[in-house]
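Start from the sequences and build out the full structure, keeping to the hints where you can.
Spelled out, the chains give:
Protein chains: 2
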Amino acid sequence: MIKDMTADEISLYIIKTLKENKKAEFEAILEELQPYDVAKIYEDLPEKHKGRFLLFLKTDVLADLMEELDKEEQLELLNILGIEKTSKVLDLMDNDDLALLLNELSPEKKDSLLSGMKKEESSAVQGIMNYPPETAGRIMTNRFVWIRDYFTVREAVDKFKIFAEFAESINYLYVIDEARKLVGVVSYRDLLLAEPEEKIREIMYERVISVSAATDQEVVAQTAERYDFLAIPVVDENNVLVGIVTVDDIIDIFIQEANEDIEKLSASGKSIDFETKTLVAAARRLPWLILLLFIGVISGRIISSFEETLQRVVALAFFMPMIAGMTGNTGTQSLAVVVRGLITQDIDRRVITRLIARELGVGITIGVTCAIIIAIIAYIWQGNLILGAVVGSSLFFTLIIGTLAGTIIPLILYRLKIDPAVASGPLITTLNDIFSLLTYFGIATMFLKHLM
Amino acid sequence: MIKDMTADEISLYIIKTLKENKKAEFEAILEELQPYDVAKIYEDLPEKHKGRFLLFLKTDVLADLMEELDKEEQLELLNILGIEKTSKVLDLMDNDDLALLLNELSPEKKDSLLSGMKKEESSAVQGIMNYPPETAGRIMTNRFVWIRDYFTVREAVDKFKIFAEFAESINYLYVIDEARKLVGVVSYRDLLLAEPEEKIREIMYERVISVSAATDQEVVAQTAERYDFLAIPVVDENNVLVGIVTVDDIIDIFIQEANEDIEKLSASGKSIDFETKTLVAAARRLPWLILLLFIGVISGRIISSFEETLQRVVALAFFMPMIAGMTGNTGTQSLAVVVRGLITQDIDRRVITRLIARELGVGITIGVTCAIIIAIIAYIWQGNLILGAVVGSSLFFTLIIGTLAGTIIPLILYRLKIDPAVASGPLITTLNDIFSLLTYFGIATMFLKHLM
Numbered sequence: 001m002i003k004d005m006t007a008d009e010i011s012l013y014i015i016k017t018l019k020e021n022k023k024a025e026f027e028a029i030l031e032e033l034q035p036y037d038v039a040k041i042y043e044d045l046p047e048k049h050k051g052r053f054l055l056f057l058k059t060d061v062l063a064d065l066m067e068e069l070d071k072e073e074q075l076e077l078l079n080i081l082g083i084e085k086t087s088k089v090l091d092l093m094d095n096d097d098l099a100l101l102l103n104e105l106s107p108e109k110k111d112s113l114l115s116g117m118k119k120e121e122s123s124a125v126q127g128i129m130n131y132p133p134e135t136a137g138r139i140m141t142n143r144f145v146w147i148r149d150y151f152t153v154r155e156a157v158d159k160f161k162i163f164a165e166f167a168e169s170i171n172y173l174y175v176i177d178e179a180r181k182l183v184g185v186v187s188y189r190d191l192l193l194a195e196p197e198e199k200i201r202e203i204m205y206e207r208v209i210s211v212s213a214a215t216d217q218e219v220v221a222q223t224a225e226r227y228d229f230l231a232i233p234v235v236d237e238n239n240v241l242v243g244i245v246t247v248d249d250i251i252d253i254f255i256q257e258a259n260e261d262i263e264k265l266s267a268s269g270k271s272i273d274f275e276t277k278t279l280v281a282a283a284r285r286l287p288w289l290i291l292l293l294f295i296g297v298i299s300g301r302i303i304s305s306f307e308e309t310l311q312r313v314v315a316l317a318f319f320m321p322m323i324a325g326m327t328g329n330t331g332t333q334s335l336a337v338v339v340r341g342l343i344t345q346d347i348d349r350r351v352i353t354r355l356i357a358r359e360l361g362v363g364i365t366i367g368v369t370c371a372i373i374i375a376i377i378a379y380i381w382q383g384n385l386i387l388g389a390v391v392g393s394s395l396f397f398t399l400i401i402g403t404l405a406g407t408i409i410p411l412i413l414y415r416l417k418i419d420p421a422v423a424s425g426p427l428i429t430t431l432n433d434i435f436s437l438l439t440y441f442g443i444a445t446m447f448l449k450h451l452m
Numbered sequence: 001m002i003k004d005m006t007a008d009e010i011s012l013y014i015i016k017t018l019k020e021n022k023k024a025e026f027e028a029i030l031e032e033l034q035p036y037d038v039a040k041i042y043e044d045l046p047e048k049h050k051g052r053f054l055l056f057l058k059t060d061v062l063a064d065l066m067e068e069l070d071k072e073e074q075l076e077l078l079n080i081l082g083i084e085k086t087s088k089v090l091d092l093m094d095n096d097d098l099a100l101l102l103n104e105l106s107p108e109k110k111d112s113l114l115s116g117m118k119k120e121e122s123s124a125v126q127g128i129m130n131y132p133p134e135t136a137g138r139i140m141t142n143r144f145v146w147i148r149d150y151f152t153v154r155e156a157v158d159k160f161k162i163f164a165e166f167a168e169s170i171n172y173l174y175v176i177d178e179a180r181k182l183v184g185v186v187s188y189r190d191l192l193l194a195e196p197e198e199k200i201r202e203i204m205y206e207r208v209i210s211v212s213a214a215t216d217q218e219v220v221a222q223t224a225e226r227y228d229f230l231a232i233p234v235v236d237e238n239n240v241l242v243g244i245v246t247v248d249d250i251i252d253i254f255i256q257e258a259n260e261d262i263e264k265l266s267a268s269g270k271s272i273d274f275e276t277k278t279l280v281a282a283a284r285r286l287p288w289l290i291l292l293l294f295i296g297v298i299s300g301r302i303i304s305s306f307e308e309t310l311q312r313v314v315a316l317a318f319f320m321p322m323i324a325g326m327t328g329n330t331g332t333q334s335l336a337v338v339v340r341g342l343i344t345q346d347i348d349r350r351v352i353t354r355l356i357a358r359e360l361g362v363g364i365t366i367g368v369t370c371a372i373i374i375a376i377i378a379y380i381w382q383g384n385l386i387l388g389a390v391v392g393s394s395l396f397f398t399l400i401i402g403t404l405a406g407t408i409i410p411l412i413l414y415r416l417k418i419d420p421a422v423a424s425g426p427l428i429t430t431l432n433d434i435f436s437l438l439t440y441f442g443i444a445t446m447f448l449k450h451l452m
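Residue numbers (UniProt numbering), protein chains in the order written: chain A, 1 to 452; chain B, 1 to 452.
Be careful, since some hints might not be right.
[Stated by the list, open to error] Where chain B lies over chain A, by a calculated footprint (3+ residues, C-beta under 8 Å):
| # | segment |
| --- | --- |
| 1 | 116 to 130 |
| 2 | 185 to 196 |
| 3 | 199 to 208 |
| 4 | 227 to 236 |
| 5 | 304 to 318 |
| 6 | 334 to 343 |
| 7 | 363 to 373 |
These are calculated hints, taken from the structure and not from any lab test.
Ideal Cβ positions, reconstructed from N, Cα and C, are used throughout, including at glycine.
As structure tokens, then:
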């Protein structure tokens, strides 16, 4: 019916059914929409229609809608819904999405929402909230299908059919023993290809790839990506199956971690997006900027300690920003390669040695090339051969130092189990600023009498 | 059997079965391993065992293994396999992975490999290779399950069971009409919940979310992420279903696109990783560095045009790197927010206006804060109130300009359909360098007689 309509036409059509109070027609439209579309329509709906819109929605669609909204919109929606319907919606929401919401509420509000929910669901979500942020435990769901190893394929399929509606992933069935320990996994595909009377224990994989509930979410995502899994089981310290992480969460983790890397590399504060308020965004960015300000003052002190040299050959100042900028840039280039490489690569001594040797080679190559170019430019511009040699040789050394610093510092941080991205961006910029100024003015001072 | 063994123990065990020529035992181990594990073991295997290892592997495991290896390893493996087995392995490989491999070979080698394959498979992979890189057509697979709308649920399930083994995604069945046009989709979950005699056309979604084969892969990934799809159908210009893109490729796209953003923001050359050769990496990085070098020379010219001012007040040089660095940094911070925001956000005039207003607010806030701090430092350090005022007011203006440049330039590029990340990093650094030097020395020259 709405197949060939644009999003705007669908919105108008929905408003029409709301105005005319045609619930059946409304439901027929909603049947054909995805949760993402429902959320877009809800967000753009005039305020006066939102109440009836929510009233018309079925509880499971409301739960899907909740999962698509951001926190403010979720709270607004719950307020409109009222207590009784809220409980039903929360029961149907994915645990991990619900945990995210509850986590940001006041303890009273949280308890009141939890108390309205089914016992089973509220304890599941409370369980999730006990795990530290950014771990597997925090993003897992309890909506998975488990079977016992003595089941036949037919029994497994029967159980699967019953739970298919609620399960978040229908691709794998996890096999547990009497202590709920994870002992195997069967893909639904394998079930289809097996004989109905075969036992699960005969067709299951015993070497299950799983993650612990305390595992960092980045590692969870890497593991799922390596194995191309659509879901990965989560176990506690006794290998008891406690949940699964599904591939939609894996994608969100990759996006989130990439954003974090970029934020850290650009020394932005954490989690600034288009919705962040002005003062919040400024407050998150200021610490780095103030740090850089003081670092800038240190650079200034270094320059001032060469004041005499600078005063005699003011032309040295012309090349100062270029040398600092180039050194900083080559450092950032190396840093980007290392930080992203650490995400997908297995790191051992051989890899590290080869990488450092490679970057040294890169540093020398770009150092020689850029040094020759700038030496020629400086000579032609200022008509001073020694100045050209000083600027060129300084750039040669600082480019090598910058490249190596951008490679080695993140590797050291990684070894010390500090996220290389967090400290490296500003750290490398600073160190490279200081190195490059010291090198430049050091060489210049040595050749001062030839320069004048 | 190998359930509780470490990776190294499994490797040793496999070498033992190879040495003792125990094929059955070898196959029993392999049954329990994932393709990723098989690839790791193969890569670390001593050369002398690789031949028998490959000889022992079944064709489908060989195809899985191929998909995990990088290009050099793939070619090595094909050489060991010989022509006949190679053809069988290529037939079983995923089209998109095979297209990636073939694409890098010489035309002769490519044709010889294609000629050994099944007609159906070789024409499918050739079809994929006709699409431009980084489009949906290039990453899709033809291993999906399609049904007709007049099928009953039972017929659909029967067809599904036959194709489950080969299908890359078992989550959705796509419904086509007699012209192979995509007219609906049924999730496997829906099939399980439906009555066997119901018609597919009665239970299918008609409003199928699909992408065109020419769609940019980044848009494909965004669409799949929004809708939490495990696969997304690809159609040609006539809405004929030509393939599907599966979620494992979606994840790879997100990783690849994030890496590209980081490379571009850090002005690295494209696609440098741990394996890239020294000279190749240097050659990819040099263009940006040489560009920055010439930009640095422009900055130098600006400084030299204020030579007189600088000569009279050498202390101005002390604050030069700090002002340029801070301006560059705030620009990069804004840039990172915008570039990542554009990936997940829908952009309209309202969003853009609000974002620019927010960043203006941020620029003023951080400008005031940092200006006051540096003015006090400059005054205390140099004992010159006017110098403090000049440095402080310069920083105030350059921080606002830097923040706005980092926001507005990527938005303009986005509007012009140029990838904001590619040009923005170096472009913003340049413009901010030039703006900040002009502002600083301009203000300083105005107050020159008070400074001395």
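Against the structure, the hints:
By the rule of at least three residues with a Cβ nearer than 8 Å to a Cβ of chain B, the coverage given for the segment 116 to 130 of chain A is violated, with 0 such residues. Residues of the segment 185 to 196 of chain A with a Cβ under 8 Å from some Cβ of chain B number 4, which satisfies the need for three, so the listed coverage holds. For the segment 199 to 208 of chain A, the stated coverage by chain B holds: 3 residues have a C-beta nearer than 8 Å to a C-beta of that chain, and at least 3 were required. Residues of the segment 227 to 236 of chain A lying with their CB closer than 8 Å to a CB of chain B number 3, which satisfies the three-residue condition for coverage.
Residues of the segment 304 to 318 of chain A with a Cβ under 8 Å from some Cβ of chain B number 8, which satisfies the need for three, so the listed coverage holds. Using a Cβ-Cβ cut-off of 8 Å, 7 residues of the segment 334 to 343 of chain A lie near chain B, which meets the minimum of three, so the contact claim holds. Residues of the segment 363 to 373 of chain A with a Cβ under 8 Å from some Cβ of chain B number 5, which satisfies the need for three, so the listed coverage holds.
Comparing the model with each numbered hint stated earlier shows that hint 1 is the single one that does not hold.
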